[in-house]
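Residue numbers (the numbering used here), protein chains in the order written: chain A, 1 to 94; chain B, 1 to 94; chain C, 1 to 94; chain D, 1 to 94; chain E, 1 to 94; chain F, 1 to 94; chain G, 1 to 94; chain H, 1 to 94; chain I, 1 to 94; chain J, 1 to 94.
The hints are all genuine.
Here are a few chain H residues that face chain F, going by a calculated C-beta distance under 10 angstroms: (1) 15; (2) 46; (3) 49.
Source of the hints: derived by calculation from the structure; they are not laboratory data.
Since the model is a prediction, treat every value here as computed from it, not as a measurement.
Note that CB positions come from ideal geometry on N, CA and C, so glycine has one too.
There are 10 protein chains.
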Amino acid sequence: MPEYLVRIALKRPDTIDDRTWAAVLDAERAVGLDYRRRGAIQRIWRVPGTTSNVGIWSAPDVSELDQLLAGLPAFRYLTIKVEALARHYLEADQ
Amino acid sequence: MPEYLVRIALKRPDTIDDRTWAAVLDAERAVGLDYRRRGAIQRIWRVPGTTSNVGIWSAPDVSELDQLLAGLPAFRYLTIKVEALARHYLEADQ
Amino acid sequence: MPEYLVRIALKRPDTIDDRTWAAVLDAERAVGLDYRRRGAIQRIWRVPGTTSNVGIWSAPDVSELDQLLAGLPAFRYLTIKVEALARHYLEADQ
Amino acid sequence: MPEYLVRIALKRPDTIDDRTWAAVLDAERAVGLDYRRRGAIQRIWRVPGTTSNVGIWSAPDVSELDQLLAGLPAFRYLTIKVEALARHYLEADQ
Amino acid sequence: MPEYLVRIALKRPDTIDDRTWAAVLDAERAVGLDYRRRGAIQRIWRVPGTTSNVGIWSAPDVSELDQLLAGLPAFRYLTIKVEALARHYLEADQ
Amino acid sequence: MPEYLVRIALKRPDTIDDRTWAAVLDAERAVGLDYRRRGAIQRIWRVPGTTSNVGIWSAPDVSELDQLLAGLPAFRYLTIKVEALARHYLEADQ
Amino acid sequence: MPEYLVRIALKRPDTIDDRTWAAVLDAERAVGLDYRRRGAIQRIWRVPGTTSNVGIWSAPDVSELDQLLAGLPAFRYLTIKVEALARHYLEADQ
Amino acid sequence: MPEYLVRIALKRPDTIDDRTWAAVLDAERAVGLDYRRRGAIQRIWRVPGTTSNVGIWSAPDVSELDQLLAGLPAFRYLTIKVEALARHYLEADQ
Amino acid sequence: MPEYLVRIALKRPDTIDDRTWAAVLDAERAVGLDYRRRGAIQRIWRVPGTTSNVGIWSAPDVSELDQLLAGLPAFRYLTIKVEALARHYLEADQ
Amino acid sequence: MPEYLVRIALKRPDTIDDRTWAAVLDAERAVGLDYRRRGAIQRIWRVPGTTSNVGIWSAPDVSELDQLLAGLPAFRYLTIKVEALARHYLEADQ
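Kindly generate the complete structure, drawing on both the sequences and the hints.
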């Protein structure tokens, strides 16, 4: 299935209170875990020193990937950059 | 083992002849295959429409990664960008 | 008729309430549908993982395109980039 | 079928002679025409005042798009940027 | 008639000899003068300290502007950026 | 008299109310009209799809231009970029 | 132990009051002092004229560095950029 | 004494009231005048159309320059960029 | 007289021989000295670690500044950026 | 003594032969070693995957640093960026 390099930056607005923010993060964690288990997220890492992450995502096509991303509970607070990836010959014989 | 997001762009100089360039690419392919088998390169993709690739590399520390990269036969023709990655909680229970 | 590549990013301010925002989006959708039917918007796509879109717009000249864009109900919340396009010889025989 | 916004810049090296360059452009034109007829290139425009173009390409997945692009006769002289596009709701009822 | 802000940077390659370059500049000057007289170039200025210029060009549409620019004798040595301009209300009563 | 390429972007803060903003815009319009009539603004265009404009301004020197710009009623909400322009030989015989 | 070049920019939000901000800075200072004594921060300098600093940090791997950085009391107000460093031959004989 | 090119941009937050802001500006003016008289500021100019300035500052070393800048009353609202300058041979015989 | 911040970067092409280059630099030095004595160059500094310089230039208007710069013997090898400067109130009483 | 963050990128031109290049690198190594021993270079690291390095340099003032850098045998092939550093309070008690 096609894979994508997805970079996600999370930004907490100054005006949101701690409780609301904690709820956003809890919901985000739950959906993230679900995506990880289903394989939509293949691998994910923290960008050190930030609240950003970078991951290898998998989806049948970019429109379905877009729906997965737009479905993230924290979507409103995220800046997301998607890079579609193509097959490399070094992967052919794996 | 620590992982790194490594982006490699290959640029052929105008002044190199076809035979020399083919030899460079052959040597690069052989070393790439070796790195891929040993797990130095965990995953690799082509950036579509380019001669660049993006990969997940693995090395005990960044100095050893640097030596792996400097050891690429095409190193002189490569522009390489390394991004050290940190553990993400979604990976913890995999 | 001249065509334009138009990239539109939508940004919701932190200070707007949900109801007002929903009304903005509803109005935007209605005008978008109208533009799409009249052919002012020839094609449109979502930029995956974002609230931006990219589209092929058509207008007799750039001043009329500017009025179409300034007439979008969400205009105040949009960052728009217009790129005027010229005829390509591969289109000549279509 | 998935669509892509593809921006292609062509750069003639200072060291290439006129005849070789004309042959490259002829071959490029022939393949471009073929891609346009087969629908790999859906639409294409010149970026005014440049030797760049921007087009809407179509391919089953990004790896096949990558092969189409790498197969362009002028590939060595091109700088290509691919942007995968997702479905927009304004297209749904067309 | 629609107007465009056009920025043109001229770059002499290291490999061109003085005589050939002078011929390119002479031809460029002649065409520039012709465009200026016909009103294709409405106004033009040097960017101080550079071999770039910025001008207000006029053409029925962007495809014709593109042909005017591609017809410049020094086109191969130029980097051109076109910005289509829209009517401003302060111009309405002039 | 020396001429300048001036690019002005207007940004409405989220916190300003409609009435105050309308008053700012009215005052801006009046001063803009005055500058246009006096020739301080020689030509002005809208950047399509934005609340920015680009204009050719004229002033005896850059300090007087700076005072004209700082005197705009909306100055606090403007981002302004000034580019001093030099005489081009194609203008000599006009 | 691996070393990292870490650039940290501190930004006080407009909406925070003086007392809360002073408390954030006090806590930050205490943790900074602790990190400096333990050697997590090897060297640190102010970027002149700013509230940013640049430092040489040390940690067994980038995930531990990430935890040190995320543990800074002012983390929410910081923009941090980490650059992993590799051994240089001029350091070998020190 | 070493000299520095210092670029200072002033940005008024949307949330500050007119009286407080006027007091900030008054205090800034007084300290600026003092620095100018003492020679810490050698020369200073406005960047036309902005609330930024660019100046030649002088200080025994960059740490003292940093303290002068951090001591500006408007420091919290300033974005400052310092560039250390080296002796040029054309200055030697002045 | 109006002043300008002028940044000049010098780049030696790979293809020029040592003797020709030395002649270019000698001529440049002579003209630089002349400009410095006449006050066209008010002050000049090296950008440390580079072959660039930054200077305060003075000329009746930007067209004359442009001619001074275009008259530099090394002009063909220079990248020049001019920034017109406006009077600052801290200079008024000097 | 003042310290500087110095980033140095080395670029081998396509036109230089192997023997000349090796001589440049040998000379560079010798001077680097000398600077390191004398403390002009306090610390130095490779930027992984590149021929760049980043170092902490020390010099009485920026003009002397500039002379050290201009004295590097490979200077003609280097792109150097100097950042002057100021004292941080966390260093005070070390």
